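J.: Protein chains in written order, with the working numbering: chain B, 3 to 212; chain P, 3 to 296.
In short, the hints are calculated from the structure, not lab data.
Small disclaimer: the values here were computed from a predicted structure and weren't measured.
Even for Gly, the Cβ is constructed at its ideal location relative to N, Cα and C.
Any given hint could turn out to be false.
[Unchecked claim] Here chain B is said to cover these stretches of chain P; the calculated rule only asks that three of the stretch's residues, wherever they fall, bring their Cβ under 8 Å from a Cβ of chain B:
| id | segment |
| --- | --- |
| 1 | 97 to 103 |
| 2 | 134 to 148 |
| 3 | 168 to 177 |
| 4 | 232 to 240 |
| 5 | 252 to 265 |
| 6 | 271 to 277 |
Letter by letter, the chains look like this.
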Amino acid sequence: MTGPEVRSAGGTALLATFGSLADVVAFRAGLAQATLPGLTEVVSGARTLLLRFDPTTTDAGRLRSEFAQVSPVSAALEAHDTEPLVIPVAYDGEDLDTVTELTGMRRDELVAWHTGQLWTSAFCGFAPGFSYLTGSDRPLDLPRRSTARTAVPSGAVAVAGEFSAVYPRTSPGGWQLIGRTEVPMWSLERTPPALAPAGTLVRFVMAGAA
Amino acid sequence: MTALTVVQVGYGATTQDLGRPGFSDMGLGAAGAADRGSAALANRLVGNRPDAAVLEALLGSVTLRADAYVVAATTGAACPVEVERADGSVRGAASHEVLLLAPGDTLRIGIATVGLRAYVAVLGGFAVDPVLGSRSWDSLARLGPPPLSAGDVLPVGDARASWPIVDAVPQPEPRWPDEPVVLDVAPGPRDDWFAPEWRATLTGQAFSVSADSDRVGVRTTAATPLARSVARELPSEGVETGSLQVPPEGFPVLFLADHPVTGGYPVVAVLTPSSIDLAAQLRPGDPLRFRILG
Numbered sequence: 003m004t005g006p007e008v009r010s011a012g013g014t015a016l017l018a019t020f021g022s023l024a025d026v027v028a029f030r031a032g033l034a035q036a037t038l039p040g041l042t043e044v045v046s047g048a049r050t051l052l053l054r055f056d057p058t059t060t061d062a063g064r065l066r067s068e069f070a071q072v073s074p075v076s077a078a079l080e081a082h083d084t085e086p087l088v089i090p091v092a093y094d095g096e097d098l099d100t101v102t103e104l105t106g107m108r109r110d111e112l113v114a115w116h117t118g119q120l121w122t123s124a125f126c127g128f129a130p131g132f133s134y135l136t137g138s139d140r141p142l143d144l145p146r147r148s149t150a151r152t153a154v155p156s157g158a159v160a161v162a163g164e165f166s167a168v169y170p171r172t173s174p175g176g177w178q179l180i181g182r183t184e185v186p187m188w189s190l191e192r193t194p195p196a197l198a199p200a201g202t203l204v205r206f207v208m209a210g211a212a
Numbered sequence: 003m004t005a006l007t008v009v010q011v012g013y014g015a016t017t018q019d020l021g022r023p024g025f026s027d028m029g030l031g032a033a034g035a036a037d038r039g040s041a042a043l044a045n046r047l048v049g050n051r052p053d054a055a056v057l058e059a060l061l062g063s064v065t066l067r068a069d070a071y072v073v074a075a076t077t078g079a080a081c082p083v084e085v086e087r088a089d090g091s092v093r094g095a096a097s098h099e100v101l102l103l104a105p106g107d108t109l110r111i112g113i114a115t116v117g118l119r120a121y122v123a124v125l126g127g128f129a130v131d132p133v134l135g136s137r138s139w140d141s142l143a144r145l146g147p148p149p150l151s152a153g154d155v156l157p158v159g160d161a162r163a164s165w166p167i168v169d170a171v172p173q174p175e176p177r178w179p180d181e182p183v184v185l186d187v188a189p190g191p192r193d194d195w196f197a198p199e200w201r202a203t204l205t206g207q208a209f210s211v212s213a214d215s216d217r218v219g220v221r222t223t224a225a226t227p228l229a230r231s232v233a234r235e236l237p238s239e240g241v242e243t244g245s246l247q248v249p250p251e252g253f254p255v256l257f258l259a260d261h262p263v264t265g266g267y268p269v270v271a272v273l274t275p276s277s278i279d280l281a282a283q284l285r286p287g288d289p290l291r292f293r294i295l296g
C-alpha cells in the first residue's frame, strides 16, 4: 500500500487520493482512531477522502502533516468486533436475466454470490441513505443499464461496477436491479436516519430464509 | 406566539439557515443559505444570532403580514420594499434597512431588479419545525421545511442576540448589466485532469449563466470548452460547495448549497467563499469571468 496523495480542494478542504477502495476504508478507519484538531468532516469517495477543516482552528499545511501520521486500519480486523447489519432480500429484480447473461452465472449462483460475502458501506451519495456497498469477494464489474430508469422503486436492491446498493427512495437510476427489500435505508424517525452510513458492515440474506 | 402569514410568494421562497453539515456519510449535504454573506447580514441587521433562519426568496417577490410588532430587514438581491399598514396606507421602505412592522402591517418585497436571491430576516428568526437540526430546505434531497405557499403561518422564534444596533447598511453597488461578475477560484483538486491550457480557457473568455441553474449549481456555457487530458472516468468523490465541476461538455457547473455529496466529474477549481455568494446571485444569461488565485 502506497501512501495517499493529498490535493487541495478550495480553502477549507483537502482531498486525499488512494489506489483502491480498500485503502480508503482502511484510512477512514485509521482516521476514526486519531484526533486531528480542526478536522470537521470526512467525506468518503470511491478512491478518496475529502477532509473538511475549520480554518480558524487549523490550516492545510498542519492538517497535511497530521494526516501523514495516520495509519490505515484493516477492515478485516474491525469486522471481528462488529455484527453486520442483516438485510433480507427477495431476489426477483427486473434485471436478473440481464445480470445472469452478462456474468454467465445461474440465478442461484448470483444469489449465493450476493448473500455469501460481507459488504462494507464505503460511502453514501446520490440520495440520502444511498450507501455504496463494496463486497469482500470478487466484484462483478457490471455495467450500468444503457438507459437509466426514470423511477426505480424504493427498496430495490441493485448492482453496478464494484458496488451493490439499496435504493432508499423512489428515484431515477441506472443500476441493474436484482431484488428488493422491505428494510428502509432512510428514516427520519430514526437516529441516525441512514441505516448504513459509511463504515457499516452489511450482509444480505434471502428473505424468508432464517 | 408572534407569527407572519405568507400572503403571496412569486418565484419560490424557502427557509434557510447555516444548514446541516455532518451528514455526508449518509448521503445528505448541508444545504443552508446559497448567499451566506447576505443571509448573515440580514440576521445581523435585526440583531439575530447567526444561526437564525431567514427566508430566501427567488427574485424577491414575497409578501408577509405580521400579527404583532416585528423587526425585519431584507438583503441580497436589490428589491423594491414597502410596508402597507392595516388601514391601507403605504409607507416607503428599502432593502438593507431595519423595518419595524406593527400588528396588521404587510411587508411587500417586489421583484428583484439586480441579483437573484433576496433574504428576509425577522428578529427572533423564523421558527418553522427543524429537520435534522436545521430549518434549511434541501432541494436535492427534498428534505427540510417545505418551500413556502400562500397562507403558510411562520412563527417567530427566540434566536435573538440583541436589539438592532444599526439602522441601515449600504446596498451593494449596482453593476452594469453587461459587465461580467468576476469570480475568484483556487486550482484543484483535479486541475491535472485537464489540458495545461485550462487556465487560459477558464480566464481568457466570458462565460454565461445557463437557464437550468438552481440551488444545486450555476450551470455555464462559453465559446470554448475546457479540454481534458485524462479521459478515464472519475470514481465518485466528495465535493465542496463552490466546486467548478466539469461535465463532458467542458463547461463548469458551480456547486451551490444543495450540491450532491459526491460527484463523478473532475473539479478543476473551487470558488472562494465570497465568490460563492456572488455566484448565488447570478441570473440566467448573466456574463461572468474567472480569475485564478495563486
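J.: Checking C-beta pairs, does the segment 97 to 103 of chain P have three or more residues closer than 8 Å to chain B?
T.: violated (count 0)
J.: Apply the coverage criterion to the segment 134 to 148 of chain P and chain B: a residue qualifies when its Cβ sits closer than 8 Å to a Cβ of the chain, and three qualifying residues are needed.
T.: Holds: 3 residues of the segment 134 to 148 of chain P have a Cβ under 8 Å from chain B.
J.: Count the residues of the segment 252 to 265 of chain P whose Cβ falls closer than 8 Å to any Cβ of chain B, and tell me whether that reaches three.
T.: Contact hint for the segment 252 to 265 of chain P vs chain B: holds, 3 residues under 8 Å.
J.: For the segment 271 to 277 of chain P, do three or more residues have a beta carbon lying closer than 8 Å to a beta carbon of chain B?
T.: Coverage by chain B holds here, the residue count being 4 at a Cβ distance below 8 Å.
J.: Closer than 8 Å, Cβ to Cβ, for at least three residues: run that test on the segment 168 to 177 of chain P against chain B and report holds or violated.
T.: Violated, because only 0 residues of the segment 168 to 177 of chain P bring their Cβ atoms closer than 8 Å to Cβ atoms of chain B.
J.: At least three residues with a C-beta closer than 8 Å to a C-beta of chain B: is that true for the segment 232 to 240 of chain P?
T.: Coverage by chain B holds here, the residue count being 4 at a Cβ distance below 8 Å.
Of the hints listed earlier, those the structure fails to meet are numbers 1, 3, in rising order.
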